[in-house]
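Trainee: One-letter residues, chain by chain:
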Amino acid sequence: MAAESLSRSIIRKIDGVTLLLYFAIVVIGLLAVFSVEHRTTDTTIFMMNKSYMKQSMWLGYSLLIGFVILLTDSKLFSSIAFLSYSIGLVVLIVTIFAGVDVKGSKSWLGVGAFRFQPGEVCKIFTSLAIARYISLPETNFKKLKSRLTAVALALVPALIIILQDETGLALVYFSFILAMYREGLPNAVLVIGFSLVALVLGTLLIDRKALFIVLTVLAILIAVLTRQSLRRNMEARILLVGIWLICILFSQVAVPFAFKHVFKKHHIDRIYSLIGKDVPEEYNKQATPGEEKKVNPSEYNVLQSKIAIGSGGLMGKGFLNGTSTKNQFVPEQNTDFIFCAIGEQFGFVGSGILIALYVSLMLRISFIAERQRSPFSRIYGYCVACILFFHFAVNISMTIGLAPVIGITLPLLSYGGSSLMSFSILIFILLRLDLDRAGMIR
Amino acid sequence: MATAADSRQYIVRFIFIGVAIIILLRLFFLQNFESKYKILANDITIYKKVVYPPRGVIYDRKGKVMLSNTAIYDLMVTPRNIPKNFDTAELCTVLNIDKPTFLKTMKLILTRNIDVRQSVFMEQLNEAQTAGFQENAYLFTGFELVERNIRKYQDAHAGIVLGYIGEVSPDMLKKPRYQTYRQGDYTGLSGLELQYEESLRGQRGVHYLERDKYNRPRDPYKGGALDSQEISGKSLELYVDADLQAYAEELMKNKIGSVVALDPKTGGVLAMVSSPTYDPNELCGKDRTHNYATLYRDPTRPLFNRAMQATYQPGSTIKPMTGLVALSVGAITPAFGLACYGSYNYCGRPIACDEKIPGHAGNFLLALAHSCNSYFCHIFRLTVDLEKFGGVKNGLQVWHDFFYSFGYGHPTGIDLPFEGKGLLPDSAYYNARYKGSWNSCTIVFVGMGQGELALTPLQMANGMCIIANKGYYYTPHFVRAIGNNEKDPLLSKYHEKHVVGTVSEQVYDIIQQGMQEVVESGTAAASKIEGINFCAKTGTAQNKAVVNGEVIKMQNHSMFVAFAPRENPKIAIAVAIENAGYGAAWAAPIASLLMEKFLKDSISSKRKAVETKMLDAHLINKYVYTIDSVSRLHDAKVFEARAQKRHEEDSLRRTSDSTVIVNWFSQKFLQPKKEEKRK
Chain A
1 MAAESLSRSI
11 IRKIDGVTLL
21 LYFAIVVIGL
31 LAVFSVEHRT
41 TDTTIFMMNK
51 SYMKQSMWLG
61 YSLLIGFVIL
71 LTDSKLFSSI
81 AFLSYSIGLV
91 VLIVTIFAGV
101 DVKGSKSWLG
111 VGAFRFQPGE
121 VCKIFTSLAI
131 ARYISLPETN
141 FKKLKSRLTA
151 VALALVPALI
161 IILQDETGLA
171 LVYFSFILAM
181 YREGLPNAVL
191 VIGFSLVALV
201 LGTLLIDRKA
211 LFIVLTVLAI
221 LIAVLTRQSL
231 RRNMEARILL
241 VGIWLICILF
251 SQVAVPFAFK
261 HVFKKHHIDR
271 IYSLIGKDVP
281 EEYNKQATPG
291 EEKKVNPSEY
301 NVLQSKIAIG
311 SGGLMGKGFL
321 NGTSTKNQFV
331 PEQNTDFIFC
341 AIGEQFGFVG
351 SGILIALYVS
361 LMLRISFIAE
371 RQRSPFSRIY
381 GYCVACILFF
391 HFAVNISMTI
401 GLAPVIGITL
411 PLLSYGGSSL
421 MSFSILIFIL
431 LRLDLDRAGM
441 IR
Chain B
1 MATAADSRQY
11 IVRFIFIGVA
21 IIILLRLFFL
31 QNFESKYKIL
41 ANDITIYKKV
51 VYPPRGVIYD
61 RKGKVMLSNT
71 AIYDLMVTPR
81 NIPKNFDTAE
91 LCTVLNIDKP
101 TFLKTMKLIL
111 TRNIDVRQSV
121 FMEQLNEAQT
131 AGFQENAYLF
141 TGFELVERNI
151 RKYQDAHAGI
161 VLGYIGEVSP
171 DMLKKPRYQT
181 YRQGDYTGLS
191 GLELQYEESL
201 RGQRGVHYLE
211 RDKYNRPRDP
221 YKGGALDSQE
231 ISGKSLELYV
241 DADLQAYAEE
251 LMKNKIGSVV
261 ALDPKTGGVL
271 AMVSSPTYDP
281 NELCGKDRTH
291 NYATLYRDPT
301 RPLFNRAMQA
311 TYQPGSTIKP
321 MTGLVALSVG
331 AITPAFGLAC
341 YGSYNYCGRP
351 IACDEKIPGH
361 AGNFLLALAH
371 SCNSYFCHIF
381 RLTVDLEKFG
391 GVKNGLQVWH
401 DFFYSFGYGH
411 PTGIDLPFEG
421 KGLLPDSAYY
431 NARYKGSWNS
441 CTIVFVGMGQ
451 GELALTPLQM
461 ANGMCIIANK
471 GYYYTPHFVR
481 AIGNNEKDPL
491 LSKYHEKHVV
501 GTVSEQVYDI
511 IQQGMQEVVE
521 SGTAAASKIE
531 GINFCAKTGT
541 AQNKAVVNGE
551 VIKMQNHSMF
561 VAFAPRENPK
571 IAIAVAIENA
581 GYGAAWAAPI
591 ASLLMEKFLK
601 DSISSKRKAV
611 ETKMLDAHLI
621 NKYVYTIDSV
631 SRLHDAKVFE
641 ARAQKRHEED
651 SLRRTSDSTV
661 IVNWFSQKFL
671 QPKKEEKRK
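Sequences listed follow chains A and B, in order. Going by our numbering, the first residue of the first sequence is number 1, and it counts up by one from there. Going by our numbering, the first residue of the second sequence is number 1, and it counts up by one from there.
By construction, these hints were calculated from the structure, which means they are not laboratory data. Take the hints with a grain of salt, since some may be wrong.
[To be verified] With beta-carbon atoms standing in for the labels, derived distance ranges:
id, chain 1, residue 1, chain 2, residue 2, range
1, A, T41, B, T289, 57 to 63 Å
2, A, G110, B, G142, 58 to 64 Å
3, B, G483, A, T41, 33 to 39 Å
[Unchecked claim] Mimicking EDC-like on lysine to aspartate or glutamate, the simulated pairs with C-alpha atoms at most 20 Å apart in a straight line are:
id, chain 1, residue 1, chain 2, residue 2
4, A, K50, B, D219
5, B, K104, B, E127
6, B, K222, A, D42
7, A, K50, B, D212
8, B, K62, B, D212
9, A, K75, A, E332
[As the list claims (entries may be wrong)] So these bits of chain B aren't anywhere near chain A, every CB distance computed over 10 Å:
id, residue
10, F16
11, A20
12, I23
13, E34
14, A41
15, N42
16, T45
17, Y138
18, Y221
19, K553
20, K606
21, V662
Virtual Cβ for every residue (Gly too), placed ideally from N, Cα, C.
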C-alpha cells in the first residue's frame, strides 16, 4: 500500500520535461554511436562487441540506479554529502597510485574487467558536498571565509585529478564557481574569469593586430557607455585605462615575449595543438628549416573533426551516410568527438536541434532549481546545470576548433559507462530532490 | 537578496544561452560556408576504383581461340601487417629468392610507400611460386596474391597480325583517340589489338568506394549509385585459318619473306606470315621490355610485317597484269607472238630472257607459261605507245589507272595499322625523274615487273583475287564479325565490292588459261597439285642493296602468286622469299603446299619429299647480318655527327645569348662616348 502510493506520487510529481529531454539526448547518443559503428556488412544489429550494445547496457544500469534513487529518501543525499565527498577524495588519491594507465593518465580504477573513472563519479559527491556546505545554517556565504571554503571544496578534487594527469576533467570542477556565483559570489569573479578566458583564447586564436583593434574599440565603447561615471569618478577612469593597458600588455607584449624567449618548442607545439591550430610563423622554432612538419595528433583530430562536421552542410549526409565518421577518420569518435557524427549526418539543422535540446535541459534544470524551497536542492540543481553546461560547451567547442582539445565527454551522448552513469545519477538525484520540492531538506 | 538572486539566475541562464549561440554561429559558418571541408571529406574518404573488363577474345574461322586472356598473380605486401615472428626463410624458399634480395626489396618498398599501404613485392609469379605460396598462404600474413589478366596467345602464332598490348605512352595520351585513357592503362600497340582497340577493350567500370583511415576500401559510396558497370570487350572472329597459318609459319621458318593468303570471294585473310616470326607471348609478361628490345635489334627484323609493309619489285608475277592491260586496251591479240632468242633487243642494250627455246613466245599463252621477258617488255611498250592514247605520257597514265584500280600504288585498306603502299609510277613521276625526256624504252623494265614498280605481297595476293574473281575484289580484311555481329559498322567498308576497270570476261579467261598453263607445262610445273586446277605465276625479282652508298647486287627474290581452284576460287596466295633464288624453286612449292593444305586438309604422300625439303631449307643469307651491322654502324655515325652539329649550334647560340646584353650595353653607352671623345 505504502509502496503503491509512493510510486503513484513519483509518477504524479516527477518532472516529465527533464525526463523527456534526458531520454531524447540519450537515444540520440545511442543512434550516433550506432551510426559510427554500423557496417553494411553486419547481418544483425545485436552485436555485443559493438559499443552501441554496451552503451545500451550501461543505459539499462543507469536507469536501474535512477529508479533506486527515486525510491530513496531525499534526506539521504544531504546526510551522506560530506561522507561521500571524503570517500570520493580517498578513492581519487588511491587512484593516483593504483590506477590503470589509460592513454598516459592514471585516472581509471580497474576491478577485474570493469573499469571506471573516479573523477567522473566524484562530480556527484562534490556537488552534494558544496550544496550541503553552503546550505548549512551556520554558513554565511557572504563571508569571505565561507566562500573560500566552498571554492576549496570544489578545487581539492580538481587538484588531485590534475595529479592524475587528467587536466580536462579537472577543469570541469571550475564550473562549480558558476553555481556559487548564483549563491552570491561577487560579479567581479565572473567578469574577471570570463575576461581572462576570453583574453587568453583571443590572444592565441586571433591575429595580434586585430586583437589590439578589438580591445581598443571595446575600451572606447565602454568609455562612451559609462561616460557619466567616468566624468565624475577618477578611480573608474584609472580602472578602465588600467584594464585596457593590462590586456594590451598581455596580448601584445607578454605572450609574444614568452613564446619567443621563454617557452621551448615543444611547449609552443603543445599549446597550439590544444586549440588545433598551426604554430604561427613567428613562433616557429624549427631546429632545421628543411625538416618536415610533424602532424600533431590533436591537430589532426581537430582537422578531421572539422572536415566531418563541415562536410555535413545544412541538411547533413543522412543517417548512416557519414563517410568520415563511419570510416574512422576522426579519432576518439565514440567518446570525445561523437558530435562529429551528428554534425556530419544531420548537418546544421540536426546539430542545432541537439544544441537546443541541451540548452532546454540546462534551462529546465535551472528552473527546477529555482522552484526548490530548500537551498540544498537549489544549489545542487545549479551544480548539475553548470557541470552539464561546461561539458556541453567545451566538448562541442573543441570539435569545431573553438576550444582546446581537453578530453571531456559530451554529456549523455558520448560512449562511456562512467560518463553516462554519473550524469544519469546527477539528474536522477535532482529529480528525487524535486519530488520533495515543497519540503525543507537539511 | 531575493532580487539579486533573481537577477543572477537570469545571468546564469543568459550565459547558457549566449555560449550556445556562439557555438551555433560557428557551426553555421563551418557547415554552410566553408566548402573546403566538403572537398577534403570527399578527398579523404572516396576511393575511385577502376575495374578493367577482360579484353575481347580473338577466334579463327573455325572458332579456334587464337588470343585470349589468362590470369597471372602479383605478390603484394602490406609491411605493417607482417607479424614479428614472420618466417622469412620459408617465404624465400617458396619464392626461390635469397634473404638479401628479400630485405632489399622490403627496404625499397618502405622507402617508396607508407607501410600501411599495399605495394607490389613481386610481379608475375611463375607457376611454381604461385602454387608454393598458395599452399602455405596462412604462414605469410601481410602478403597477398592479387590476380591480374594478361594476354595469352594460344599457339604463339600470327603474332605480327594479332599485335600486342602495352601501357599508353605520354605522347599517345595527347592524341584525341586516347583522351579517355589514363597513365598506366593498357592499349593495343600493333596489329589487330591496335586496329580494333575500341571493340576489344570493352568499357571500364568505375566504382566509388568509401575508404577508411588506413586507405582500405569499405562500403560502396552512396550505395553504388554513381558507379558505372564494366562491359567486357567484344570478341573478334577472323577469316584466318589457324591451322593454315601455323603450317605457313612452319614452312617459312629460316626464311626471310612473307605469305599472304586471301579468300577471293570475301577478301578475308586466310593467313598472313612475315618471317622470321616471333612468339607473341614474349611481348606480354614481365620480361616484355627486354624481349621487345631483343626483337627490335634483331637484324632479320621480326617486328616488321613484310607481308604488308615490305615492298618488292614483283618480277614476273606482274606479267598476267601486264597482259591483262595489253589485251583489254587492244594493244595485242592473244595470237600475238614474238620471236625471242634469249634477249630483247629493241631498246638499245639487250634485256635477258631466261627461256632460250625458240618459239616460246609464239602466242600470249606460251609467253605467259614460259614467262618470256622479251614478250612482256614488248607488249608493255605496245600498250603505252598505243596510237589512240597519243603519246607515251598519256599511254602510261592509262596503264597507271588500270594498275591503280587493281589496288597497286596505294594501301589496300586492310584492317591492320601501318600498311605500306608500294610504288606505282605515273607520267608525273617519270617527268620529274627524267626531266620530261623519256620514252617507252626508258621504262621498259616495268612491263616485266622490274624497274620502279614496287608492290607489297598483300597487293600481289589481292591482284590474284581480281583475276580469280574476273574483275572485282573486296578490300582484304581479317575480321569477319565483331562480337558475333557481321554487320558491325566498323566492317561495312569491307563489304563493298571494288569492280576493276573495263576488262571483258574473255580477257580474264585468256589470262587464267595462261596462268593454268604455267602450272601445267610452264615454269611452275613442279608444283602441281593432284586433282586441282590452279592458276599461278612464278617470279624471280632482281634486287640490290644500298650499303654505305654503294649499290650491291643481291641474290634474286623468289616470288610466287596463285589462286585455286580455277573454277571456283577459294584461295589466292602470294609468297615472297627474299634472296632465295628462282620463284619456281622455293616460293612456288611453298604456295602449292599451302593451297593443298587449305583445299584438301592434308598433304598427299607423294609430296612429302617436297614438304620436307621446304621445311628444312635455310635461306637466310649471312650477309643479312653483315649488311645490318654495317648499316647500323653507318646510322650510328650519322647520328653522332648530327648530335655533334646540334651541340655546336647550341653552344654558339648560347655564347651569342650571353654576349647580347654586353653588346647592347656597349653599343648603347660606350660607343657614343668614344664618338664624343673623338669630337
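Trainee: Now, for every hint given, state plainly whether the structure supports it.
Mentor: Here is how each hint holds up against the structure:
1. A/T41 <-> B/T289: 57 to 63 Å: Taking Cβ atoms as reference, A/T41 and B/T289 lie about 41 Å apart, which means the hint is violated.
2. A/G110 <-> B/G142: 58 to 64 Å: violated, 33 Å
3. B/G483 <-> A/T41: 33 to 39 Å: Holds: the Cβ-Cβ distance is about 36 Å, inside 33 to 39 Å.
4. A/K50 <-> B/D219: holds, 18 Å
5. B/K104 <-> B/E127: Answer violated: B/K104 to B/E127 is near 24 Å, above 20 Å.
6. B/K222 <-> A/D42: holds, 17 Å
7. A/K50 <-> B/D212: holds, 18 Å
8. B/K62 <-> B/D212: It is violated: about 51 Å lies between the C-alpha atoms, which goes past 20 Å.
9. A/K75 <-> A/E332: At roughly 40 Å apart (the allowed maximum being 20 Å), A/E332 and A/K75 break the hint.
10. F16: violated, 5 Å
11. A20: At roughly 5 Å from the nearest Cβ of chain A, B/A20 sits no farther out than 10 Å, so the non-interface label is violated.
12. I23: violated, 5 Å
13. E34: Contrary to the label, B/E34 does not stay out of reach of chain A, its closest Cβ about 5 Å off (not over 10 Å).
14. A41: Per Cβ check, B/A41 is inside 10 Å of chain A; nearest 3 Å; violated.
15. N42: Incorrect as stated: the minimum Cβ-Cβ distance to chain A is 8 Å, not above 10 Å.
16. T45: violated, 4 Å
17. Y138: The claim stands: B/Y138 keeps its Cβ more than 10 Å from every Cβ of chain A (closest is about 23 Å).
18. Y221: violated, 7 Å
19. K553: holds, 70 Å
20. K606: Holds, since 72 Å exceeds 10 Å.
21. V662: Per Cβ check, B/V662 is outside 10 Å of chain A; nearest 37 Å; holds.
Comparing the model with each earlier hint shows violations of hints 1, 2, 5, 8, 9, 10, 11, 12, 13, 14, 15, 16 and 18; every other hint is respected.
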